[in-house]
Amino acid sequence: MPESYLSGAELIEQIQKSPYSRDLVGYHGQPPEVKWPNNAKVAVQFVLNYEEGGEKHIEHGDEGSEQFLSEIIGAASYPAKHMSMDSMYEYGSRAGFWRIHNEFQRRKLPMTIFGVAMALVRNPYIVEAIKQADYDVVSHGYRWLHYQESDLEVEKQHMEQALSVLENLFENKTIGWYTGRDS
Numbered sequence: 001m002p003e004s005y006l007s008g009a010e011l012i013e014q015i016q017k018s019p020y021s022r023d024l025v026g027y028h029g030q031p032p033e034v035k036w037p038n039n040a041k042v043a044v045q046f047v048l049n050y051e052e053g054g055e056k057h058i059e060h061g062d063e064g065s066e067q068f069l070s071e072i073i074g075a076a077s078y079p080a081k082h083m084s085m086d087s088m089y090e091y092g093s094r095a096g097f098w099r100i101h102n103e104f105q106r107r108k109l110p111m112t113i114f115g116v117a118m119a120l121v122r123n124p125y126i127v128e129a130i131k132q133a134d135y136d137v138v139s140h141g142y143r144w145l146h147y148q149e150s151d152l153e154v155e156k157q158h159m160e161q162a163l164s165v166l167e168n169l170f171e172n173k174t175i176g177w178y179t180g181r182d183s
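Going by the working numbering, the residue at position 171 of the sequence shown is 171; the numbering climbs one at a time, nothing skipped.
Among the clues, some could well be false.
As the list claims (entries may be wrong) - Heads up, simulated DSSO-like pairs for lysine-lysine below, C-alpha to C-alpha not over 30 Å straight-line:
#: 1; residue 1: Lys81; residue 2: Lys156
#: 2; residue 1: Lys56; residue 2: Lys131
#: 3; residue 1: Lys131; residue 2: Lys108
#: 4; residue 1: Lys173; residue 2: Lys108
If you are wondering where the hints come from, they were derived from the structure by calculation, not from laboratory data.
With the hints as extra help, turn the sequences into a complete structure.
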């Protein structure tokens, strides 16, 4: 056996004594008591992420195309227009939003929009539909980008821009924030 071999008991002791930054325990099986309106047992929120036109793209000044959360397995960022990626994003704004919106309107269901500010500016028809439907709007950032390793001032500026743009588009009705990507 190699010298580094530890028994089960030794491994347990080592793991339990080592610092660990992730919370895998939560409420220890005892979550806080939550009281929903009308004593409902379940609360459901329908959310539509609107990112089309705010993603990584050379036309937005980025070095390459989007690669995150696509239908293309192993998608790589291209230093040019990525026609397949563009097509997927464009489908969302041209058809996907409207199919979901029309169905929610037909059924008289509320919805929350997690909206990327730059994306919403690019489609005033969708902005108008969101206003007419009186959907809740939550900021989803100014751009649909990873910020984990970006300059803190750039991220702060984008947050301020997002809030300012959304406040202008929706007459100060933005109700929250959801970054959605690494920050």
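(message) Holds or violated: Lys131 and Lys108, Cα atoms, limit 30 Å.
(response) holds, 15 Å
(message) Holds or violated: Lys81 and Lys156, Cα atoms, limit 30 Å.
(response) holds, 28 Å
(message) Checking one constraint from the list: CA of Lys56 to CA of Lys131, max 30 Å. Satisfied?
(response) holds, 26 Å
(request) Take a quick look at whether Lys173 and Lys108 sit within 30 Å of each other, Cα to Cα. (result) holds, 20 Å
Hint compliance for this structure: no hint is broken.
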